[in-house]
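Enquirer: Residue numbers (the numbering used here), protein chains in the order written: chain A, 1 to 210; chain B, 1 to 262; chain C, 1 to 399.
FYI, nobody ran anything at the bench for these hints, they're computed from the structure. Some hints could be false.
What the hints assert, rightly or not - Subject to a maximum C-alpha distance of 30 Å in a straight line, what follows is the list of computed DSS-like cross-link-like pairs (lysine-lysine): (1) K33(C) to K261(B); (2) K85(C) to K216(C); (3) K216(C) to K13(B).
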Amino acid sequence: MAASPRRAVGIVDYRAGNLRSIANAFDHLGCEVVIVTREADFDGLTHLVLPGVGAFGHCAQNLRDSGLLPAVTRWALNDARPLLGICVGMQLLADASEELGEHAGLGWIHGRVQRLPAAERGVRLPHVGWNTVRFVAATAGFVAGESEDFYFDHTYGFFCADPRNIAAECTHGVTFAAAVRRDNIVAAQFHPEKSQDAGLRFLAGFLAST
Amino acid sequence: MVKKRLIPKLLLKRRRLGTVERMVLVTTRGYEQVIEVGDPVSQAKIYEAQFADELIFLNIDSSPIEPQAPLLDVLRRAASETFMPIAAGGGVRTTDDFELLLANGADKVCVNSAAIADPSLIERAAAIFGAQCVVVSIDYRHDAQGSRVFVDGGRTATPLDPIEWAVRAAALGAGEILLTDIARDGSGEGLDLPTIRAVADRVSVPVIASGGCGLARHFVEGFLDGHAEAVAAGTFFCFRDQNPMQTRAHVRNAGVPIRVKT
Amino acid sequence: MRRCAKCGLPETHETISFDSEGVCNICRQHEFKQESIDWAANKRALDALIEEYRGKGDYDCLVPFSGGKDSTWTLYYLVKEYGIKPLVVRFDHGFLRPNLEENVKRTLRRLGVDFLSFTPNWKVVQKLMLQAFLEKGDFCWHCHTGIFSYPMWIAIEKKIPLIFWGEPSAEYTAYFSYDQPEEVDEKRFNRYVNLGISAEDMYVRLGGTVDMRDLKPYSYPPLRELRKLNYRSVCLGSFIPWDVKKQAEIIQRELGWQGDDVENVPPQYRYEKIECYMQGVRDYIKYIKRGYSRPSHLVALDVRNGRMTKEQGQALIHGYEGRRPPSLDLFLEFVGLTEDEFLEIAMSHQVSPYRHDPARTQPGKTLHDYAVWSREGPMPRVDADEILKRWRARRKEAA
């Protein structure tokens with residue numbers, strides 16, 4: 001069997017939620033996992049993950065305070081290396097979020113993060129549980145037109161300004177971006193590390209990108 | 001649309017087996033009788049293989065949540081071997097407890113007695129960790145006077161009505177409500193549909209119904225009649241040749257949207 | 001009871017569901033297998049897999065083996081088609097029949113292969129049989145788990161990464177389907193092989209009254225150990241289309257493999273389940289729980305393969321299914337139960353909507369080798385009582 005390429009996945013630790021499950025998932029997939037807390041940790045990485053759980057503003061502030069943002073920016077925008085955003089880690093890529101006040105995002109993928117309309121649409125919030133993700137573009141090993149269920153747990157959704165950034169959609173009252181993509185950057189609103197086999201497949205697909 | 005969920009509820013207790021003390025998975029009957037059924041991490045893996053949607057781990061010893069707590073060891077091991085959402089609780093008293101559980105593998109934290117003692121705990125936890133991490137667990141009984149919420153593992157009555165308390169907890173920031181009818185716990189008689197529905201119709205957060213599933217049909221009733229988003233079961237899968245995959249197929253065949261594999 | 005319009009299997013069959021035409025998902029899986037799988041491509045994949053592992057260690061692969069029709073076919077096919085050097089590994093459940101042992105000797109000598117057999121501690125097996133029968137209405141837990149776990153430990157110990165099993169489970173149930181490759185791994189083990197109870201769970205349920213080491217043969221090895229090995233654990237039936245009748249004919253002709261009479265099964269199925277003298281009890285319990293057993297299963301297979309109509313099958317089923325097997329007498333000795341207790345326990349596991357009526361049970365025929373089946377090692381009643389007492393206490397609490 002051909003030897004698998006070496007994969008070293010860095011998970012940005014900016015005190016925005018539990019990294020352990022993401023680390024476990026990549027470990028299960030046979031990667032070296034590095035918890036990134038300082039710039040030196042970027043050395044030798046092949047992939048980078050931006051996690052995030054909790055309120056947008058809180059996460060955005062923590063990311064700025066961590067001192068890691070310049071290195072993450074270089075990785076993603078200058079060096080065009082593979083970056084995966086998860087949950088709030090995806091939302092942070094947007095221009096702004098209206099969660100608990102107006103907060104600026106990184107603006108790397110244009111769009112706004114807005115509260116999912118609930119009562120008006122007869123659905124409950126938070127959007128929690130397994131929902132069907134419809135891939136509209138080839139993403140992380142899934143082909144356009146493919147559908148699969150993944151686990152979500154959020155109240156705010158990403159609405160892309162440019163439909164070309166939409167990698168996958170999901171509907172909960174409204175249709176929002178379940179995953180977004182821009183070149184080397186891919187991000188998921190759902191939790192691939194919590195979505196059993198489907199999620200592991202998604203992460204393996206991300207790993208296959210170089 | 002988001003699918004309905006089937007959630008095995010794993011109750012944990014410290015027990016001495018052979019020469020070793022360890023956390024053991026138990027089921028209960030009316031929150032009193034305790035029956036040992038297995039190893040928590042093993043069962044978590046089995047439930048994952050059988051497509052359970054999430055897991056709830058509750059430490060019914062309610063021991064304090066400290067860094068050396070056995071519950072954390074179970075969570076860490078479960079989280080390293082399964083890739084599905086885990087809600088953990090039992091003895092949660094402070095936001096530090098939330099932090100410890102979330103850092104050790106839990107995705108959500110269940111809080112019960114402490115939220116009643118200090119409802120601001122719900123608001124504070126939701127503000128720090130996000131509402132989606134906060135599950136308010138409500139145990140109740142019906143009696144001649146009506147329905148009462150109980151705390152301390154179903155031992156101490158409060159003057160609270162479960163429906164009103166659920167509404168208040170949701171308003172304070174709970175992301176989900178876990179509702180359990182103590183008398184039906186482990187009974188196999190079916191869920192308390194009227195109360196579940198009353199809560200589900202008054203709150204806009206998901207309701208997880210628990211207590212009494214004995215037939216696959218009971219799950220269907222919980223979803224269709226009870227308006228629950230999820231049904232949690234502790235005893236149901238333990239003593240028979242019954243597994244979540246079969247239950248899911250039954251629920252789907254009844255027309256309820258639920259994730260089904262093959 | 002609702003039944004499949006095509007094969008006749010009832011709604012109590014595990015994982016069954018019916019579509020809008022009343023045809024069951026297992027029939028549909030079978031159609032998929034016939035029509036939608038590129039078996040030529042799968043064969044090429046098998047060729048490649050064999051070459052990938054050939055010659056890399058002391059053995060080219062490991063073949064878990066019982067001597068029944070499926071494992072004999074698997075071994076025969078791999079040796080004949082590819083000339084590989086396998087290590088053949090058997091987990092001896094304790095109930096091997098004499099004719100089966102003859103078959104094993106004949107097969108091993110004619111093919112020329114190395115063979116390892118392991119027989120676990122009988123006293124532990126007895127406890128496990130009784131506990132599993134009580135818990136899940138299935139006394140074969142030790143066998144299900146041992147067969148799938150033990151060879152994996154050998155694979156690790158002897159550094160044999162490629163393991164070939166026989167038929168994919170998609171052939172009989174819908175825990176897996178033919179459109180995914182079926183890896184025979186821990187997930188599959190947990191999904192349905194171990195009845196939802198691992199060795200760690202069994203230890204707890206036995207109240208810690210066995211040595212955890214005694215449960216090692218029934219424990220699936222840690223994934224990290226298997227990964228170090230770079231293991232591939234696959235079903236031959238994922239690469240070549242499975243057809244038990246055709247396969248049985250071939251091994252009879254080429255290896256002199258002989259079928260045998262089997263309790264409460266029509267004589268035209270002499271290739272089926274010949275390896276275990278507790279098979280009749282197993283089938284009887286299934287009938288008590290689900291209202292059907294092996295004859296229905298065999299007829300369903302023949303119907304799906306176009307060898308019989310459902311109606312022709314009915315006569316066979318009625319003539320044989322649900323009778324009391326003589327082997328029950330041995331089972332009762334082995335687990336220390338009375339027949340009334342046995343019925344009480346089996347009936348406590350009935351699967352709705354089936355309701356068993358013991359008054360309608362007829363006796364089944366005695367097999368030719370019944371007299372030589374070992375009755376060594378009956379369970380002392382006091383030991384059975386201890387296990388029963390614990391179970392009754394838990395049932396009372398759970399009721």
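Enquirer: Against this structure, judge whether each hint is valid.
Expert: Hints versus structure:
{"no.": "1", "hint": "K33(C) to K261(B)", "in the structure": "18 Å, holds"}
{"no.": "2", "hint": "K85(C) to K216(C)", "in the structure": "27 Å, holds"}
{"no.": "3", "hint": "K216(C) to K13(B)", "in the structure": "25 Å, holds"}
Comparing the model with each earlier hint shows no violations; every hint is respected.
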